[in-house]
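Chains as they are written, first to last, in this note's numbering: chain A, 1 to 237; chain B, 1 to 237.
Hints are supplied without guarantee of correctness; some may be wrong.
Copies of the same chain look alike in the list, so a pair counts if it fits in one copy or across any two.
Unchecked claim - Listed next, the in silico DSBU-like pairs over lysine-lysine satisfying Cα-Cα at most 35 Å (straight line):
(1) K190 - K127
(2) K112 - K42
(3) K46 - K127
(4) K195 - K46
(5) K127 - K201
(6) K119 - K42
(7) K201 - K46
(8) K195 - K42
(9) K190 - K201
(10) K119 - K46
(11) K112 - K127
To be clear, the hints were calculated from the coordinates, so they are not data collected in a lab.
The structure presented is a predicted model; accordingly, all values stated were derived computationally and were not measured.
Each chain, written out:
Number of protein chains: 2
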Amino acid sequence: MGVAGLGAASRQILPQIARIPELELTAGADIRPAALEEFQAKYRGKAYDSVQALCESGAIDAVWIATPNVFHAEHTVIAAQCGKHVIVEKPMAVTLAEADQMIAAAERNGVKLVQGHSKIYSPAIQKIREVVLSGRLGRVIQIDTWNSNDWLQRPRLESELDTRIGGGVCFRQGPHQADIVRYLGGGQVKSVRAKTGRADKNFATEGDYTAFLEFEDGTPATMVFNAYGYFNIAELT
Amino acid sequence: MGVAGLGAASRQILPQIARIPELELTAGADIRPAALEEFQAKYRGKAYDSVQALCESGAIDAVWIATPNVFHAEHTVIAAQCGKHVIVEKPMAVTLAEADQMIAAAERNGVKLVQGHSKIYSPAIQKIREVVLSGRLGRVIQIDTWNSNDWLQRPRLESELDTRIGGGVCFRQGPHQADIVRYLGGGQVKSVRAKTGRADKNFATEGDYTAFLEFEDGTPATMVFNAYGYFNIAELT
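Based on the sequences and whatever the hints tell you, model everything.
As structure tokens, then:
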């Protein structure tokens with residue numbers, strides 16, 4: 001397996017990949033020479049200065065795409081065209097059109113395309129899923145989640161605060177919440193109605209959203225996120 | 001003031017009306033002779049065996065309509081046609097067409113028509129409203145409320161469990177939650193998307209709902225109700 005993008009996301013992912021016996025971490029790609037040097041020293045994989053070169057190298061069967069959000073689509077399509085399976089960090093893409101292109105490229109080239117979600121593996125979510133699957137409380141009637149924290153007030157990269165390149169809470173935090181709701185609902189979402197907000201004038205990006213979802217089986221779900229730091233919802237748990 | 005319907009709702013309202021100095025409780029109406037006798041003995045008002053007779057009697061300027069839900073529209077229209085102001089218990093009506101008829105009758109006859117909501121007067125809601133109006137936390141960004149209790153499992157009248165005549169949580173509890181959200185939002189609701197559920201096979205009426213509202217100023221709100229008794233949300237407070 002290779003890793004495209006050796007920045008913040010990879011720093012969390014690489015140590016995990018390295019310790020899975022079934023996986024061999026063989027290569028990495030980045031445009032920053034220092035990042036490649038560090039990668040080679042630490043993981044002894046081959047280093048490439050572009051995703052194209054990584055995917056054409058023959059050094060990998062699959063690639064973990066952890067480049068900046070705005071490049072997820074382009075790099076996924078490159079990997080698929082090279083016949084590489086793809087795990088892509090959230091958000092999948094910055095536009096719906098890009099997401100469609102990624103799916104089409106994966107299907108056309110017969111490779112698997114997986115979203116690299118992480119929050120559903122937390123013990124609490126796993127336990128809820130276990131109860132859901134057991135059926136001992138019956139079927140799921142409603143799924144509702146609130147997340148309120150200081151995401152927008154903490155130090156952030158510029159790219160995290162620019163909606164056009166996949167910044168703001170909708171792109172950065174929304175995928176986590178959506179994945180949890182979807183995982184617990186156990187199906188595909190049929191419809192979404194939502195409202196996003198930019199209530200902090202210091203940031204030209206979304207700091208809140210409110211969404212109403214309906215699953216294919218009719219189960220309703222709501223997702224609420226507020227990142228202005230007025231209240232940390234963890235205080236309730 | 002007169003009170004139409006001397007049943008369960010009135011039992012909570014009458015003592016309150018009787019102790020307001022600006023109000024004189026002069027008459028009541030019910031179809032049950034025993035209820036009328038009790039009313040006369042306790043409040044010394046005149047007793048009428050129909051809302052029509054009450055409204056035509058000249059004994060009142062306004063009427064509090066606390067008859068069964070399915071009669072709210074009919075009785076409101078009668079009162080309006082007799083030139084009486086109306087306070088009507090929740091739910092306003094059982095169909096949207098009925099609600100429209102009530103509003104038209106009030107406007108045509110130049111009387112005031114008020115919904116007799118009660119929950120917004122609780123100290124907690126009053127305090128939240130006070131904070132909202134003060135503006136010291138800025139404008140309202142999102143309004144979200146969950147209510148989970150055992151409403152459907154507690155002993156209930158048959159009329160409370162028949163949706164056609166205004167039973168189920170949508171008619172019985174929804175108005176409370178909607179009124180609170182509206183009171184805190186401070187405006188009119190522009191759009192609603194919602195899903196109701198009948199997840200307890202023992203009852204042929206709604207036991208849950210999930211709603212997404214948007215106020216005229218764009219503020220989103222969600223309302224979630226679950227009355228199956230799996231969890232009492234008061235445990236969180």
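Hints versus structure:
1. Taking identical chains as interchangeable, the C-alpha atoms of K190 and K127 lie at most 35 Å apart only when both belong to the same chain, with a minimum of 25 Å there against 39 Å between chains.
2. Taking the closest pair of Cα atoms, K112 and K42 come within 35 Å of each other only inside a single copy of the chain (28 Å); across copies the shortest separation is 78 Å, beyond that limit.
3. Taking the closest pair of Cα atoms, K46 and K127 never come within 35 Å of each other, the shortest separation being 39 Å inside a single copy and 63 Å across copies.
4. In this assembly of identical chains, K195 and K46 lie within 35 Å of each other by CA distance neither inside one copy nor across copies; the values are 45 Å within and 53 Å between.
5. For the homomeric pair K127 and K201, the shortest alpha-carbon distance between copies (27 Å) is at most 35 Å, but the shortest distance inside one copy (39 Å) is not.
6. Only within a single protomer do K119 and K42 lie at most 35 Å apart by alpha-carbon distance; the minimum there is 27 Å, versus 62 Å between protomers.
7. Taking the shortest Cα distances, K201 and K46 never come within 35 Å of each other, neither inside one copy (45 Å) nor across copies (61 Å).
8. For the identical chains of this complex, K195 and K42 are neighbours neither inside a copy (44 Å) nor across copies (53 Å), given an alpha-carbon limit of 35 Å.
9. Taking the shortest Cα distances, K190 and K201 sit within 35 Å of each other both inside one copy (34 Å) and across copies (25 Å).
10. Taking the shortest Cα distances, K119 and K46 sit within 35 Å of each other inside one copy (30 Å), while across copies they are farther apart (66 Å).
11. When the C-alpha separation of K112 and K127 is checked against a cutoff of 35 Å, the pair qualifies only within one copy, where the shortest distance is 28 Å, while the shortest distance between copies is 54 Å.
In summary, the numbered hints that this structure violates are 3, 4, 7 and 8.
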